[in-house]
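**Student:** One-letter residues, chain by chain:
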Amino acid sequence: MIRLEKRLQPSRTLTSLTPILAVILTMIIGGLMFALLGKPPFESIRIIFWDPLFNPQFAAYSRPQLLIKAAPLILIAIGLSIGFRAGIWNIGAEGQYIIGAICGAGMGLAFYPADLFIIFPLMVITGAFGGWAWAMIPALLKTRFGTNEILVSLMLVYVAESLLASVSSGLLKNPDGMGFPGSRNLQQYPAAANTELFTNTGMHWGVVACFIAVIFAYVVLTRHLQGFHIRLTGQAPRAARFAGVNPHRVTILCLGISGALAGMAGLFEVAGPAGQITIDFNTGYGFTAIIVAFLGRLHPMGIVLAGLLMALTYIGGELAQLMLGLPGASIQLFQGMLLFFLLATDVFTHYRIRIGEA
Amino acid sequence: MDLSAINPVLLIASLMVSATPILLAAIGETVVEKAGVLNLGVEGMMITGAVIGFAVAINSGSPPLGFICAAVAGAALSLSFGFLTQVLLANQVATGLGLTLVGLGLSALIGKPYEGMKSPTLPALDIPGLSDIPVLGPIVFSHDPMVYVSLALVFAVWAVLKYSRAGLILRGVGENHDAAHALGYKVIRIRLLAIMFGGACAGLGGAYLSLVRVPQWTEGMTAGAGWIALAIVVFGSWKPLRVLIGAYLFGGVTVLQLNLQAAGVAIPVEYLSMSPYLITIAVLVFISARGAQAAPASLGRIFHASS
Numbered sequence: 441m442i443r444l445e446k447r448l449q450p451s452r453t454l455t456s457l458t459p460i461l462a463v464i465l466t467m468i469i470g471g472l473m474f475a476l477l478g479k480p481p482f483e484s485i486r487i488i489f490w491d492p493l494f495n496p497q498f499a500a501y502s503r504p505q506l507l508i509k510a511a512p513l514i515l516i517a518i519g520l521s522i523g524f525r526a527g528i529w530n531i532g533a534e535g536q537y538i539i540g541a542i543c544g545a546g547m548g549l550a551f552y553p554a555d556l557f558i559i560f561p562l563m564v565i566t567g568a569f570g571g572w573a574w575a576m577i578p579a580l581l582k583t584r585f586g587t588n589e590i591l592v593s594l595m596l597v598y599v600a601e602s603l604l605a606s607v608s609s610g611l612l613k614n615p616d617g618m619g620f621p622g623s624r625n626l627q628q629y630p631a632a633a634n635t636e637l638f639t640n641t642g643m644h645w646g647v648v649a650c651f652i653a654v655i656f657a658y659v660v661l662t663r664h665l666q667g668f669h670i671r672l673t674g675q676a677p678r679a680a681r682f683a684g685v686n687p688h689r690v691t692i693l694c695l696g697i698s699g700a701l702a703g704m705a706g707l708f709e710v711a712g713p714a715g716q717i718t719i720d721f722n723t724g725y726g727f728t729a730i731i732v733a734f735l736g737r738l739h740p741m742g743i744v745l746a747g748l749l750m751a752l753t754y755i756g757g758e759l760a761q762l763m764l765g766l767p768g769a770s771i772q773l774f775q776g777m778l779l780f781f782l783l784a785t786d787v788f789t790h791y792r793i794r795i796g797e798a
Numbered sequence: 003m004d005l006s007a008i009n010p011v012l013l014i015a016s017l018m019v020s021a022t023p024i025l026l027a028a029i030g031e032t033v034v035e036k037a038g039v040l041n042l043g044v045e046g047m048m049i050t051g052a053v054i055g056f057a058v059a060i061n062s063g064s065p066p067l068g069f070i071c072a073a074v075a076g077a078a079l080s081l082s083f084g085f086l087t088q089v090l091l092a093n094q095v096a097t098g099l100g101l102t103l104v105g106l107g108l109s110a111l112i113g114k115p116y117e118g119m120k121s122p123t124l125p126a127l128d129i130p131g132l133s134d135i136p137v138l139g140p141i142v143f144s145h146d147p148m149v150y151v152s153l154a155l156v157f158a159v160w161a162v163l164k165y166s167r168a169g170l171i172l173r174g175v176g177e178n179h180d181a182a183h184a185l186g187y188k189v190i191r192i193r194l195l196a197i198m199f200g201g202a203c204a205g206l207g208g209a210y211l212s213l214v215r216v217p218q219w220t221e222g223m224t225a226g227a228g229w230i231a232l233a234i235v236v237f238g239s240w241k242p243l244r245v246l247i248g249a250y251l252f253g254g255v256t257v258l259q260l261n262l263q264a265a266g267v268a269i270p271v272e273y274l275s276m277s278p279y280l281i282t283i284a285v286l287v288f289i290s291a292r293g294a295q296a297a298p299a300s301l302g303r304i305f306h307a308s309s
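Protein chains in written order, with the working numbering: chain B, 441 to 798; chain L, 3 to 309.
Everything labelled a hint here was simulated from the structure, so no lab data went into it.
Every residue gets a Cβ at the ideal spot worked out from N, C-alpha and C, and that includes glycine.
Check each hint, because a few of them may be wrong.
Said to hold, decoys possible - List of simulated lysine to any residue pairs, SDA-like, C-alpha gap at most 25 Å:
no.: 1; chain 1: L; residue 1: Lys241; chain 2: L; residue 2: Phe305
no.: 2; chain 1: B; residue 1: Lys446; chain 2: L; residue 2: Gly302
no.: 3; chain 1: B; residue 1: Lys613; chain 2: B; residue 2: Pro677
no.: 4; chain 1: B; residue 1: Lys446; chain 2: B; residue 2: Pro677
no.: 5; chain 1: L; residue 1: Lys241; chain 2: L; residue 2: Leu124
no.: 6; chain 1: L; residue 1: Lys164; chain 2: L; residue 2: Asp146
no.: 7; chain 1: L; residue 1: Lys114; chain 2: B; residue 2: Pro677
no.: 8; chain 1: B; residue 1: Lys446; chain 2: B; residue 2: Gly768
no.: 9; chain 1: B; residue 1: Lys446; chain 2: L; residue 2: Arg303
no.: 10; chain 1: B; residue 1: Lys446; chain 2: L; residue 2: Leu91
no.: 11; chain 1: L; residue 1: Lys241; chain 2: L; residue 2: Gly169
no.: 12; chain 1: L; residue 1: Lys114; chain 2: B; residue 2: Arg447
no.: 13; chain 1: L; residue 1: Lys120; chain 2: B; residue 2: Ala679
no.: 14; chain 1: B; residue 1: Lys479; chain 2: L; residue 2: Glu117
no.: 15; chain 1: L; residue 1: Lys188; chain 2: B; residue 2: Asp720
no.: 16; chain 1: L; residue 1: Lys188; chain 2: B; residue 2: Ile793
no.: 17; chain 1: L; residue 1: Lys114; chain 2: B; residue 2: Leu476
no.: 18; chain 1: B; residue 1: Lys613; chain 2: L; residue 2: Ile269
no.: 19; chain 1: L; residue 1: Lys120; chain 2: L; residue 2: Phe157
no.: 20; chain 1: L; residue 1: Lys241; chain 2: L; residue 2: Leu251
no.: 21; chain 1: L; residue 1: Lys188; chain 2: B; residue 2: Arg447
no.: 22; chain 1: B; residue 1: Lys446; chain 2: L; residue 2: Ser82
no.: 23; chain 1: L; residue 1: Lys241; chain 2: B; residue 2: Lys613
no.: 24; chain 1: L; residue 1: Lys120; chain 2: L; residue 2: Tyr150
Stated by the list, open to error - Some chain L residues well away from chain B (every beta-carbon gap over 12 Å; in silico):
no.: 25; residue: Val11
no.: 26; residue: Gly46
no.: 27; residue: Ile60
no.: 28; residue: Gly63
no.: 29; residue: Ser64
no.: 30; residue: Gly113
no.: 31; residue: Ala158
no.: 32; residue: Ala161
no.: 33; residue: Arg167
no.: 34; residue: Ile171
no.: 35; residue: Tyr187
no.: 36; residue: Leu195
no.: 37; residue: Leu243
no.: 38; residue: Phe288
no.: 39; residue: Ala291
no.: 40; residue: Ala299
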């Protein structure tokens with residue numbers, strides 16, 4: 441008989457090994473899925489995971505894309521991971537991302553066509569503020585009334601999407617756009633554009649912010665008392681209260697950080713790769729970032745690797761769509777499966793398998 | 003603007019239709035949560051049910067078969083959640099989120115060839131005589147069969163939970179799984195059955211969206227209905243009859259909002275369409291501010307029989 445025996449401490453080796461195991465399992469099952477769809481399994485996997493980086497024909501285009509796609513994912517996931525560690529489930533990052541983009545872009549467009557160096561930094565701050573404010577709604581409702589933050593933050597995603605539809609065909613609509621919905625293109629407004637810092641690297645200001653956030657999160661979580669409080673609240677809420685940690689403060693802090701980072705990510709996206717506020721400029725990064733946070737084991741360094749991997753599946757997925765006619769949704773399924781296998785293999789980090797009678 | 007164009011009788015009749023998908027999903031989730039399991043994957047199971055029901059109904063020409071297959075698909079998908087959380091002891095919140103993401107991806111993949119098609123739908127029950135009674139006729143006697151199935155399900159769940167031995171055991175498992183285990187009940191088996199029931203109900207709810215309510219398949223068509231169902235379970239304080247009230251209230255808001263859009267009220271469409279979500283939040287705040295939520299005591303906790 442097979443039994444599970446709880447480990448006193450989660451195994452460290454397995455904590456870093458299970459994500460790799462999950463990726464391999466996803467590749468195997470994903471390959472089977474592609475075979476079922478009538479596509480060559482090995483070629484599909486190669487196109488998704490190998491060609492974007494090393495194929496001489498595509499790599500020149502897709503390598504810069506890696507950073508462009510990974511930056512928002514990592515930025516959002518860093519914020520989420522801090523909350524998840526404290527047991528605060530902000531799953532509305534997509535909404536905070538949208539609101540951050542709307543606020544930041546609105547700030548930039550308000551100055552149009554002035555040419556001041558202060559405009560872009562101001563936009564970044566407004567974007568972060570927008571995301572923060574949007575995340576404060578579930579935070580205050582939770583601390584004030586004990587309302588479940590999972591449901592509230594998620595409901596607010598749909599509200600944010602409606603707002604986005606409203607401003608892209610109303611408040612922020614391009615007056616010179618000949619009636620088409622969508623704002624002015626910020627890429628064509630140099631003072632507000634989030635430009636590539638080095639050509640052909642994909643490195644924009646969002647990537648810089650990303651590095652800062654990773655280092656900041658690492659220091660806070662491992663070296664700062666606040667980080668200890670956050671981890672304590674997640675692992676032993678009662679002990680945390682006896683130790684004098686104010687759970688309300690932790691809630692507000694965690695949701696605030698993740699909201700601000702998601703809002704910033706939204707601004708970098710709308711001022712850079714996306715270029716303008718349109719009804720569907722958001723591409724679900726806020727949800728994919730949840731997978732990134734878990735795949736990275738809620739650890740800043742792990743999240744960087746997971747974000748790069750997830751960016752790779754996005755690019756590889758597009759490539760596979762082009763080359764093999766694979767449906768775009770199969771990548772979404774791929775990413776979801778990755779999370780599932782990760783959670784499944786995680787049993788080994790927390791439990792030992794014992795065979796035989798007790 | 004012409005508010006008199008809104009007919010209260012038709013409003014009530016159509017709110018029942020609009021509430022049914024959420025009601026089905028919510029009543030399933032009530033049972034799951036009563037057993038002490040928090041499955042946040044309702045949205046994923048609903049949308050999978052929606053696409054499977056639609057595909058089967060188109061290929062076979064039979065909506066009832068579509069509903070049956072949707073329920074089976076929802077249950078099958080929920081079993082993956084059950085395996086992860088009950089056997090492999092994974093975190094329920096994370097696994098539920100994963101289930102939603104998997105469901106959204108899977109449904110988009112399956113549904114691609116079916117976009118823009120029209121499915122055969124369920125005919126409304128039309129009882130000559132009864133359906134023609136003014137006011138009462140359109141409200142009570144002229145719906146499609148699934149509306150009555152959903153109502154029957156609510157009452158069945160209520161009766162089973164309240165009066166039967168099986169319901170008592172289920173509630174016991176949800177309140178204190180260690181005690182239930184000590185009494186010799188198979189906690190994991192009972193929870194797996196509850197999870198599958200929840201999955202089947204969510205699948206039915208999804209299929210109702212794609213086969214009756216809309217009736218069409220579009221990617222991401224559930225648009226948060228699964229999450230609203232979760233909110234309604236909280237709103238209903240885990241009691242089937244209150245869940246029914248909650249779902250119908252919510253259906254009423256949705257229908258009223260659509261009617262106001264059609265009547266051309268001077269509020270922009272975007273603001274009207276965000277109102278159901280805002281009202282859900284308001285209701286959640288109201289319920290949590292009142293305290294005394296009566297959530298099952300073992301809700302969301304991992305059960306591991308150590309001896």
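**Student:** Could you run down the list of hints and mark each one as holding or not?
**Tutor:** Hints versus structure:
Of the pairs offered as hints, the one joining L/Lys241 and L/Phe305 holds, with about 24 Å between alpha carbons and a cut-off of 25 Å not exceeded. At roughly 18 Å between alpha-carbon atoms, B/Lys446 and L/Gly302 fall within 25 Å of each other, so this suggested pair holds. Of the supplied pair hints, the one linking B/Lys613 and B/Pro677 is violated, its CA atoms being roughly 47 Å apart against a limit of 25 Å. A hinted pair counts as satisfied when its Cα atoms are at most 25 Å apart, and B/Lys446 with B/Pro677 qualifies at roughly 21 Å.
For the hint linking L/Lys241 to L/Leu124, the alpha-carbon distance of about 29 Å lies beyond 25 Å, and the restraint is violated. Taken as a hint, the L/Lys164 and L/Asp146 pair is broken in the structure, with Cα atoms around 28 Å apart against an allowance of 25 Å. For a cut-off of 25 Å, the pair hint linking L/Lys114 to B/Pro677 is broken: about 45 Å separates their Cα positions. Proximity of B/Lys446 to B/Gly768 is assessed by CA-CA distance (about 40 Å); at most 25 Å being required, the pair is judged violated.
Simply put, B/Lys446 and L/Arg303 have alpha-carbon atoms about 15 Å apart, close enough for the 25 Å limit, and the pair holds. Restraint check for B/Lys446 and L/Leu91: the C-alpha separation of about 11 Å stays at or below 25 Å, so the hint holds. For the given pair, L/Lys241 sits about 13 Å from L/Gly169 by alpha-carbon distance, which is consistent with the 25 Å threshold. Of the pairs offered as hints, the one joining L/Lys114 and B/Arg447 is violated, with about 45 Å between alpha carbons and a cut-off of 25 Å exceeded.
For the hint linking L/Lys120 to B/Ala679, the alpha-carbon distance of about 57 Å lies beyond 25 Å, and the restraint is violated. Between B/Lys479 and L/Glu117, the direct Cα distance comes to roughly 22 Å. Compliance with the 25 Å bound is thereby established for this hinted pair. With a C-alpha separation of about 48 Å, the suggested pair L/Lys188 and B/Asp720 falls outside the 25 Å cut-off, and the hint is violated. The hinted pair formed by L/Lys188 and B/Ile793 meets the criterion: a straight-line CA distance of about 21 Å does not exceed 25 Å.
Pair hint L/Lys114 plus B/Leu476 holds up; C-alpha atoms about 15 Å apart against a cutoff of 25 Å. Only pairs whose Cα atoms come within 25 Å are accepted, and B/Lys613 paired with L/Ile269 is accepted, the gap being roughly 19 Å. The suggested pairing of L/Lys120 with L/Phe157 is violated, with an alpha-carbon distance near 33 Å, which exceeds 25 Å. Proposed proximity of L/Lys241 and L/Leu251 is supported: the alpha carbons are some 15 Å apart, at most 25 Å.
Pair hint L/Lys188 plus B/Arg447 holds up; C-alpha atoms about 24 Å apart against a cutoff of 25 Å. The hinted pair formed by B/Lys446 and L/Ser82 meets the criterion: a straight-line CA distance of about 22 Å does not exceed 25 Å. For a cut-off of 25 Å, the pair hint linking L/Lys241 to B/Lys613 is broken: about 47 Å separates their Cα positions. With a C-alpha separation of about 24 Å, the suggested pairing of L/Lys120 with L/Tyr150 holds against the 25 Å cut-off.
Every CB of chain B lies more than 12 Å from the CB of L/Val11, the least distance being 30 Å, so the non-interface label holds. Distance check on L/Gly46: its Cβ comes as close as 8 Å (rounded) to a Cβ of chain B, failing to clear the 12 Å threshold; non-interface status is violated. Distance to chain B confirms L/Ile60 as a non-interface residue, since its nearest Cβ pair spans about 18 Å, more than 12 Å. With a cut of 12 Å on Cβ distances, L/Gly63 stays outside the contact zone with chain B, its closest approach being about 25 Å.
Chain B leaves L/Ser64 outside its interface by the beta-carbon criterion, the shortest separation being 25 Å against a cut-off of 12 Å. Remark: the non-interface label on L/Gly113 conflicts with the geometry, its nearest Cβ contact in chain B lying 8 Å away (cut-off 12 Å). Distance check for L/Ala158 against chain B: the nearest CB is about 27 Å away, which clears 12 Å, and the non-interface claim stands. No beta-carbon of chain B comes within 12 Å of the beta-carbon of L/Ala161; the shortest separation is about 28 Å.
Distance check for L/Arg167 against chain B: the nearest CB is about 29 Å away, which clears 12 Å, and the non-interface claim stands. At roughly 24 Å from the closest C-beta of chain B, the C-beta of L/Ile171 stays outside 12 Å, upholding its exclusion from the interface. With a minimum CB-CB distance of about 19 Å to chain B, L/Tyr187 clears the 12 Å threshold, and the non-interface call stands. Under the 12 Å C-beta cut-off, the non-interface status given to L/Leu195 relative to chain B holds; the minimum distance is some 21 Å.
Distance check on L/Leu243: its Cβ is at least 21 Å (rounded) from any Cβ of chain B, clearing the 12 Å threshold; non-interface status holds. A beta-carbon of chain B is positioned within 12 Å of the beta-carbon of L/Phe288; the least distance is around 8 Å. In this structure L/Ala291 is not separated from chain B by more than 12 Å, as the shortest Cβ-Cβ distance comes to only about 4 Å. Every C-beta of chain B lies more than 12 Å from that of L/Ala299, the closest at about 16 Å, which supports listing it as non-interface.
The structure fails to meet hints 3, 5, 6, 7, 8, 12, 13, 15, 19, 23, 26, 30, 38 and 39 from the earlier list, while all remaining hints are met.
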